[in-house]
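Q: The primary structure of each chain is shown beneath.
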Amino acid sequence: MTSAAEGEAGRPVKLGIRLSPPCLLLVYRPARSGAALRLRKMPVKSLTATSNCARVAQELRERHRPHLDAVPQNKLLKMLRVLQEGLSGGRVEDILPRVELEFRVDPDEDLNQLSTELLDRKKAAMDEHFNRQVVRPDQPEFVYDVRQDFDGPKQHSGWDDDGDDW
Amino acid sequence: MAASGPEEREIDYDRPTGAGPLTVKVIMLGDSAVGKSKMMERFLLDDFKPHQHSTFAVNLFRHRCTAQGRDVLVDFWDTAGQEAFKSMHPSYYHQAHACILVFDATRKVTYKGLSGWYQELRENRPKIPALCAVNKIDENPDVTSRSFNFTEKNGMPLYYVSASKGTNVVRLFTDAIDRAVTYKLDPTDEMDHILEELERD
Ligand SMILES: Nc1nc2c(ncn2[C@@H]2O[C@H](COP(=O)(O)OP(=O)(O)OP(=O)(O)O)[C@@H](O)[C@H]2O)c(=O)[nH]1
Ligand SMILES: [Mg+2]
Numbered sequence: 001m002t003s004a005a006e007g008e009a010g011r012p013v014k015l016g017i018r019l020s021p022p023c024l025l026l027v028y029r030p031a032r033s034g035a036a037l038r039l040r041k042m043p044v045k046s047l048t049a050t051s052n053c054a055r056v057a058q059e060l061r062e063r064h065r066p067h068l069d070a071v072p073q074n075k076l077l078k079m080l081r082v083l084q085e086g087l088s089g090g091r092v093e094d095i096l097p098r099v100e101l102e103f104r105v106d107p108d109e110d111l112n113q114l115s116t117e118l119l120d121r122k123k124a125a126m127d128e129h130f131n132r133q134v135v136r137p138d139q140p141e142f143v144y145d146v147r148q149d150f151d152g153p154k155q156h157s158g159w160d161d162d163g164d165d166w
Numbered sequence: 001m002a003a004s005g006p007e008e009r010e011i012d013y014d015r016p017t018g019a020g021p022l023t024v025k026v027i028m029l030g031d032s033a034v035g036k037s038k039m040m041e042r043f044l045l046d047d048f049k050p051h052q053h054s055t056f057a058v059n060l061f062r063h064r065c066t067a068q069g070r071d072v073l074v075d076f077w078d079t080a081g082q083e084a085f086k087s088m089h090p091s092y093y094h095q096a097h098a099c100i101l102v103f104d105a106t107r108k109v110t111y112k113g114l115s116g117w118y119q120e121l122r123e124n125r126p127k128i129p130a131l132c133a134v135n136k137i138d139e140n141p142d143v144t145s146r147s148f149n150f151t152e153k154n155g156m157p158l159y160y161v162s163a164s165k166g167t168n169v170v171r172l173f174t175d176a177i178d179r180a181v182t183y184k185l186d187p188t189d190e191m192d193h194i195l196e197e198l199e200r201d
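Listed in order, the protein sequences are those of chains Y and H.
Every letter in the first sequence is one number past the one before it in the UniProt record's numbering, and letter 115, counting from 1, is 115.
Every letter in the second sequence is one number past the one before it in the UniProt record's numbering, and letter 22, counting from 1, is 22.
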């Protein structure tokens, strides 16, 4: 996917925003070698305080295809969340740390209780790791049934506490 | 919705095994975002097309395969957000033949969550085979040299899995199907029930 997107749209270099009017900014290196960096401005007109950012992200991806194809979903969602918070005023420096938290996975947090939308933000952050590790069926090294034994000596996980009663 | 074809109809999993494939039900349990759906997707690949249950918010995946020389139709039941209640509807457990319990190698809190799921499982299905998977070993390879009280105390097999790389995913699901078929052909909990009644007489 990345290589196809690079072929047509170049490689994304930086993603930024302008709060008012809300606009997403993408700096990319065009596919043609030696070409100078370009800036693409993508106004985000449909965004309101109650918009579902995942839906807005999808609209943007379609409208600006293929420019956003190689931009990770969580990066895009994060920008949209900053823009969304910015609709009611405030400075990026103040908004960004709040939004960063929404996309950070705290290993001790119970995610069972989150709303679907908040859970999707955590999953978008996890997806970035997943996509870095994934071997998909269309890749030459893909093997359907990967078996690996881990039967060496085991140490205790340290995840059990004295009071635990399984 | 269009009328469902024979492949989409809901199944009575306890149906006696006469003609046609053996039907079994395998359920997924575990906290939010441990990777239950990604594991299903990695196992089923192009067949990862959920059917919605007609009355309950769950995703069903139907899978046809051969196990123990038999033609088998498996329904996998996957959660659709009920984790918020830390509890599943009893119908989720009803007639299940095997259970896959999943936790996340990067989040201890999901390991702690297993006890609640396991307790609810046993209240509903005291005897069905349960298999445990620790997923996302690609993110925390160290976990593959670790042991866990939960699986040891409950005598449960532990699978070290990565849904992203595919490690041990097919092994886990084929073992679960195999255990489900064995259980269906010899449902020991139903036998216990009958023995109890005899003793009372
Ligand atoms: N690195 C890595 N990430 C994974 C793996 N499996 C799942 N993930 C990530 O974990 C997140 C949650 O995966 P899901 O399959 O949606 O988890 P789930 O258990 O079905 O979650 P709910 O349906 O909300 O209960 C996803 O964003 C995946 O990207 C894995 O093997 N490795
Ligand atoms: Mg899921």
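Calculated directly from the structure, the hints in this document are not laboratory data.
Fair warning: there could be bad hints in the mix.
As the list claims (entries may be wrong) - Quick list of in silico lysine-lysine cross-link-like pairs, DSSO-like style, CA-CA up to 30 Å: (1) Y:Lys154 to H:Lys127; (2) H:Lys165 to Y:Lys122; (3) Y:Lys122 to H:Lys127; (4) H:Lys153 to H:Lys127; (5) Y:Lys154 to H:Lys112; (6) Y:Lys154 to H:Lys49; (7) H:Lys49 to H:Lys86; (8) H:Lys108 to Y:Lys75; (9) H:Lys49 to Y:Lys75; (10) H:Lys49 to Y:Lys122; (11) H:Lys112 to Y:Lys122.
Q: Against each hint, give a clear statement of whether it holds in the structure.
A: These are the hints, each one checked on the structure:
no. : hint                 : verdict
1   : Y:Lys154 to H:Lys127 : holds (28 Å)
2   : H:Lys165 to Y:Lys122 : holds (20 Å)
3   : Y:Lys122 to H:Lys127 : violated (35 Å)
4   : H:Lys153 to H:Lys127 : holds (16 Å)
5   : Y:Lys154 to H:Lys112 : holds (20 Å)
6   : Y:Lys154 to H:Lys49  : violated (38 Å)
7   : H:Lys49 to H:Lys86   : holds (25 Å)
8   : H:Lys108 to Y:Lys75  : holds (26 Å)
9   : H:Lys49 to Y:Lys75   : holds (28 Å)
10  : H:Lys49 to Y:Lys122  : holds (24 Å)
11  : H:Lys112 to Y:Lys122 : holds (19 Å)
In this structure, the hints that do not hold are numbers 3, 6, in rising order.
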